[in-house]
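Peer 1: Just so you know, the sequences run in chain order A and B.
With the first letter of the first sequence counted as 1, position 359 gets the number 378 in the working numbering; the numbers rise by one all the way through.
With the first letter of the second sequence counted as 1, position 120 gets the number 198 in the working numbering; the numbers rise by one all the way through.
Heads up, some of the hints might be wrong.
[Said to hold, decoys possible] Okay, derived cross-link-like pairs now, DSSO-like style, lysine-lysine, Cα gap no bigger than 27 Å in a straight line:
#1 Lys-238(A) x Lys-124(B)
#2 Lys-118(A) x Lys-310(A)
#3 Lys-154(B) x Lys-280(A)
#4 Lys-64(A) x Lys-175(B)
#5 Lys-350(A) x Lys-98(B)
#6 Lys-175(B) x Lys-236(A)
#7 Lys-279(A) x Lys-153(B)
#8 Lys-256(A) x Lys-153(B)
#9 Lys-217(B) x Lys-350(A)
#10 Lys-124(B) x Lys-236(A)
#11 Lys-217(B) x Lys-78(A)
#12 Lys-110(B) x Lys-124(B)
#13 Lys-238(A) x Lys-122(B)
#14 Lys-122(B) x Lys-236(A)
#15 Lys-78(A) x Lys-202(B)
#16 Lys-78(A) x Lys-169(B)
[To be verified] Computed list of chain A residues with no C-beta within reach of chain B, every gap over 12 Å:
#17 Ser-46
#18 Asp-58
#19 Gly-374
In case anyone wonders, no lab produced these hints; they're calculated from the structure.
Note that the structure is predicted; figures quoted are calculated from it, not measured.
Note that beta-carbon positions come from the ideal geometry of N, C-alpha and C, so glycine has one too.
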Amino acid sequence: MMPLRKFEYEEIGEGRLVINLGPQHPSTHGVLRLIAELDGERVKKVLPIIGYLHRGFEKIAENRNYPMIVPLTDRLDYLSAMSNNMVYCQAIEELMNIKISERTEYIRVIVLELQRIASHLASVGFFGNDVGVTFTAMMYTFRERELIINLFETLSGARLTYNYIRIGGLREDLPKGFENNVLQSIDIIEKKVDEYEEFFSENEIFRRRTQGIGVLKLKDAINLGATGPVLRGSGLKSDVRVTDPYTIYDRFDWDIITEKKGDCFARYNIWINEIRQSISIVRQALNGLPKGEINVKIPRVIKPEPGEVYSKIESPRGELAMNVISDGTPKPYRLKIRSPAFCNLSLLPTISEEGLIADLIATLGSIDPVFGEVDR
Amino acid sequence: MSEILSSLTEKFPDSITNTKVQRKTRIWVTVKIDVLIDVCEYLKNKQDFNHLSSVVGVDYKDRFEVVYHLWSYSKKRQLSLKVPLEKENPKVKTVTKIWRSANWHERETAELFGITFEEHPYPKHLLLADDFEGYPLRKDFKLVEKPWFDKNDASEKQKTD
Numbered sequence: 020m021m022p023l024r025k026f027e028y029e030e031i032g033e034g035r036l037v038i039n040l041g042p043q044h045p046s047t048h049g050v051l052r053l054i055a056e057l058d059g060e061r062v063k064k065v066l067p068i069i070g071y072l073h074r075g076f077e078k079i080a081e082n083r084n085y086p087m088i089v090p091l092t093d094r095l096d097y098l099s100a101m102s103n104n105m106v107y108c109q110a111i112e113e114l115m116n117i118k119i120s121e122r123t124e125y126i127r128v129i130v131l132e133l134q135r136i137a138s139h140l141a142s143v144g145f146f147g148n149d150v151g152v153t154f155t156a157m158m159y160t161f162r163e164r165e166l167i168i169n170l171f172e173t174l175s176g177a178r179l180t181y182n183y184i185r186i187g188g189l190r191e192d193l194p195k196g197f198e199n200n201v202l203q204s205i206d207i208i209e210k211k212v213d214e215y216e217e218f219f220s221e222n223e224i225f226r227r228r229t230q231g232i233g234v235l236k237l238k239d240a241i242n243l244g245a246t247g248p249v250l251r252g253s254g255l256k257s258d259v260r261v262t263d264p265y266t267i268y269d270r271f272d273w274d275i276i277t278e279k280k281g282d283c284f285a286r287y288n289i290w291i292n293e294i295r296q297s298i299s300i301v302r303q304a305l306n307g308l309p310k311g312e313i314n315v316k317i318p319r320v321i322k323p324e325p326g327e328v329y330s331k332i333e334s335p336r337g338e339l340a341m342n343v344i345s346d347g348t349p350k351p352y353r354l355k356i357r358s359p360a361f362c363n364l365s366l367l368p369t370i371s372e373e374g375l376i377a378d379l380i381a382t383l384g385s386i387d388p389v390f391g392e393v394d395r
Numbered sequence: 079m080s081e082i083l084s085s086l087t088e089k090f091p092d093s094i095t096n097t098k099v100q101r102k103t104r105i106w107v108t109v110k111i112d113v114l115i116d117v118c119e120y121l122k123n124k125q126d127f128n129h130l131s132s133v134v135g136v137d138y139k140d141r142f143e144v145v146y147h148l149w150s151y152s153k154k155r156q157l158s159l160k161v162p163l164e165k166e167n168p169k170v171k172t173v174t175k176i177w178r179s180a181n182w183h184e185r186e187t188a189e190l191f192g193i194t195f196e197e198h199p200y201p202k203h204l205l206l207a208d209d210f211e212g213y214p215l216r217k218d219f220k221l222v223e224k225p226w227f228d229k230n231d232a233s234e235k236q237k238t239d
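Bound-form chain A, shown alone (with noise of 0.2 Å):
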């Protein structure tokens, strides 16, 4: 067994008590180990400390030829692959100015929107879980997301880590009457969707165990990079699909979720609100999906020009990034990923201080940690 990290404590105050959470711990989402020091019930400061999952992945993408990274991506936050992929592909293709094609665009849209939905719909049962509706959240919202996971198998034989968006296109085209079951799921979905708000939005313990608890401010949320439902939970009108458009979300008309509380339960209704915008994105982008090809042409070997790119899109948990430098070999130089979960989850000792021990639980939830993508 690998040893805990050493965490020396330079001072305690008088009558605190410093307890450790994790790195195995059923409230923490992953491997995430955190210190906290107690005063009674009240946390007066939190150490989240981050790294069990880390795999190197930006060393390993160094030694890795373009296309062999595809696969590599969908690890990072394996609730979202598809926006993993299509980070890295759109990267690599701004590199190498490949125009892809107009029905992959559509396509594109499409999975990517109904990975949104899967993924929120997964943060909120996680979160049920942890503010206390336990197991109800976690069923029911899983119930739906196995739709749209039975979806992607279709497309692309895997249920978590797709490997589906490749450079220049993607996999392979829609299986048959793939546009009829997403047409039928998301009408499932959309139903389901009210039913979540009648039960947890609605229910008098989920509010009290979420409301103003763990709130951020919007001049703190700035200041420490939210982004994501995080960012627009304390009141910033802000998604990459908007400000800096990609694919082709500026053809659909949907709204930007926006809370101004700040609090638990605003990034909770950011979750379920923008599942409703996203089924609206899926509908409309089904609607216009032309017919024709799927895939460019690409050079065999993939060789980009010395250069570098900075690529962004909105995965589920925010702004996801990636920074690559090419020197003209097949491999890329460097590859950075910017991951929101990262970001997210260091601002989570500056609203979670001077609040109770339970609601530390219930913050950590509405913040929604990948820590595939935290370690990297």
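For this one, chain A is given, so just place chain B on it according to the hints.
Peer 2: Below, chain B alone, put in the same frame as chain A:
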């Protein structure tokens, strides 16, 4: 975009060594290390680059480089600030006082590249174990595949069996 560039070159005429436009919303600017903090403060306070997206370290043959990717929510523009550092004993001042989000990014870059961020509030390992030696993302750190089992060991064991 060009307004930002021209105002920047006007303010720091001798310290901007290179600029590049990736596309309409992205520019890259290389600055000298001695004015880094001034440039950062200017960009944040006067040009409203309030979001530090990430801090990236790069190991080139003759130098190290730290890249600060900045985003302005009001202008909807990205500016990537590149700072070359010397190859021997690379160090640079921390920007955590300007953007607090730099904290973890700088800790990560420090441990993976061996770049010192001076005056960092908590300069400890973030991802790596405390007793890890070497700087994994430097080019002279070679990845070696560990064998699943020691072949010599196994064959000897077979003989004794």
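Peer 1: For each hint given before, does the structure comply? Return the numbers of the non-compliant ones in rising order.
Peer 2: none
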